[in-house]
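If you're matching positions, the sequence shown starts at 18 in the numbering used here and goes up one per residue.
Hints in this document: simulated from the structure, not taken from any laboratory.
Predicted, not measured: the structure shown is a model, and the values here were computed from it.
Where hints are given, some of them may not hold.
Claimed, not checked - For lysine-lysine, the following DSSO-like pairs were computed, each having C-alpha atoms within a straight-line distance of at most 30 angstroms:
| no. | residue 1 | residue 2 |
| --- | --- | --- |
| 1 | Lys217 | Lys159 |
| 2 | Lys359 | Lys377 |
| 3 | Lys271 | Lys359 |
| 4 | Lys185 | Lys217 |
| 5 | Lys217 | Lys240 |
| 6 | Lys194 | Lys121 |
| 7 | Lys64 | Lys28 |
| 8 | Lys248 | Lys377 |
| 9 | Lys121 | Lys101 |
| 10 | Lys377 | Lys319 |
| 11 | Lys28 | Lys74 |
| 12 | Lys331 | Lys55 |
| 13 | Lys74 | Lys221 |
| 14 | Lys240 | Lys28 |
| 15 | Lys306 | Lys359 |
| 16 | Lys185 | Lys171 |
| 17 | Lys101 | Lys350 |
| 18 | Lys175 | Lys121 |
| 19 | Lys171 | Lys147 |
| 20 | Lys55 | Lys28 |
| 21 | Lys250 | Lys350 |
| 22 | Lys152 | Lys175 |
| 23 | Lys391 | Lys359 |
| 24 | Lys121 | Lys185 |
| 25 | Lys271 | Lys374 |
| 26 | Lys250 | Lys374 |
| 27 | Lys248 | Lys217 |
| 28 | Lys359 | Lys298 |
| 29 | Lys121 | Lys171 |
| 30 | Lys159 | Lys171 |
| 31 | Lys271 | Lys217 |
| 32 | Lys248 | Lys374 |
| 33 | Lys377 | Lys240 |
| 34 | Lys194 | Lys101 |
| 35 | Lys306 | Lys319 |
| 36 | Lys319 | Lys374 |
Stated by the list, open to error - Here are the simulated distance ranges between beta carbons:
| no. | residue 1 | residue 2 | range |
| --- | --- | --- | --- |
| 37 | Asp67 | Asn96 | 50 to 56 angstroms |
| 38 | Val274 | Val145 | 48 to 54 angstroms |
| 39 | Lys350 | Glu382 | 21 to 27 angstroms |
| 40 | Asn143 | Lys350 | 34 to 40 angstroms |
Virtual Cβ for every residue (Gly too), placed ideally from N, Cα, C.
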Amino acid sequence: MSQNNISLNDKLLIDVGSTYFKVCTSHGVQQHFRDFNKDIFDDLTYKCGDVIHNFHKDDIHICSSANGGLSTLIIGITNSFSLKYATNIAFNSGINIIDTVLYKDIQQTSIPSDLIDVVIVVGGINSVSKIFDEKLFEYLEKINYSNVVYVGSKNDSKYLEDNIENIKILPNIITDKLHVEEEHLKEYLTNLYQSDIMGKEDIKHLYDITSNQIYSTPYIVNKTLSIIDSKFKVADPYILIDIGGATTDIHYSKDLVDENMVTNNEYDRLVFKKLGVYKSKESLIFAAKNNEFVYELLAHLKVTEHIFEDTSEKATRTLMQLAIFLVLCKVSKYRQAYVNLKLNILNSLVFTGGITKVLKQEEIEDIISFFYQKILNSQHNPTIVMDNNYDIWTLGMNPDKNKI
Numbered sequence: 018m019s020q021n022n023i024s025l026n027d028k029l030l031i032d033v034g035s036t037y038f039k040v041c042t043s044h045g046v047q048q049h050f051r052d053f054n055k056d057i058f059d060d061l062t063y064k065c066g067d068v069i070h071n072f073h074k075d076d077i078h079i080c081s082s083a084n085g086g087l088s089t090l091i092i093g094i095t096n097s098f099s100l101k102y103a104t105n106i107a108f109n110s111g112i113n114i115i116d117t118v119l120y121k122d123i124q125q126t127s128i129p130s131d132l133i134d135v136v137i138v139v140g141g142i143n144s145v146s147k148i149f150d151e152k153l154f155e156y157l158e159k160i161n162y163s164n165v166v167y168v169g170s171k172n173d174s175k176y177l178e179d180n181i182e183n184i185k186i187l188p189n190i191i192t193d194k195l196h197v198e199e200e201h202l203k204e205y206l207t208n209l210y211q212s213d214i215m216g217k218e219d220i221k222h223l224y225d226i227t228s229n230q231i232y233s234t235p236y237i238v239n240k241t242l243s244i245i246d247s248k249f250k251v252a253d254p255y256i257l258i259d260i261g262g263a264t265t266d267i268h269y270s271k272d273l274v275d276e277n278m279v280t281n282n283e284y285d286r287l288v289f290k291k292l293g294v295y296k297s298k299e300s301l302i303f304a305a306k307n308n309e310f311v312y313e314l315l316a317h318l319k320v321t322e323h324i325f326e327d328t329s330e331k332a333t334r335t336l337m338q339l340a341i342f343l344v345l346c347k348v349s350k351y352r353q354a355y356v357n358l359k360l361n362i363l364n365s366l367v368f369t370g371g372i373t374k375v376l377k378q379e380e381i382e383d384i385i386s387f388f389y390q391k392i393l394n395s396q397h398n399p400t401i402v403m404d405n406n407y408d409i410w411t412l413g414m415n416p417d418k419n420k421i
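Throw the hints in and build the complete structure from the sequences for me.
Listed below in structure tokens is the structure:
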């Protein structure tokens, strides 16, 4: 790996992924396929102990996506403000969003079956009151969650505190000028991530080798976007797509969206928890079968739907290509989702994650061309940039940049 423009200052950087360990020193990046029959700490120290022992705990910095991150459900008053603002903060804190609930529809909303790590309740500027009522309490009683935090109008804080056990009250994320005040919720979610790590036996032992806070990998990757041109030839505007074993993430510049939201972030993130190629393979296949263009894409790739039952290397490559196509569909005008990106003005598409070890650049370019022609009816072809060394995350591991 070329270490141009990366100054590690004799630090050891470790990324614990759902499939690989990555260990970076000033000499380069090593990758190790995880042994899923072993505890994460035992496996890491067995494979990388000789490197780890050369560094003091203060000089070892770790990020991890191995615990899957936190899942959240957001309850808000409006799509244009409360739900959008809370969703933005959650994504940029490395949180996975299970669902969002518009409060006026809460009685007709289906009850999620999954355990939810944190419920976020938000709505109204501070001059408004009596926004929530018994419907909120009845809904919360039906769902299975570990934490609940309120970041709405301060006039309703006491009422919710009296009626919801162990609720955390934080300052409103919506200012009187309808801007985002994100720091308090962002800090709360980051600390909650730490608590989650400390509750996972195989991850919390990582603190035996570092005295620094362990961050979520998507949070760290998002930190790289403003400095990515120090290592790669990337032309703005661009998006970074991280496709791994469990999730697919898109990191994007806010120049690519039309919104009325004012935040301190230049870059935002979306996560698709059910579009991974290994751990969430079944849900990826389900999404593919329900996309009206996928069978045409399979024909373009000269494979049939039987590829979904296959376990060959060819099948894995095809699933990776499908993940690219599906995630671009989800953020295009073809789908009315949380956010639609202006994909027609993209100059660069950066790929990182496990996909860079599976697909060749021309295989990715083929999918991008198919997507632009079929979905966007465009001949536009942004430049494809491959993080072949899988080391973009190292750019975001500067400890001074990660203070909340």
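What hint numbers does the structure not satisfy?
27, 31, 38
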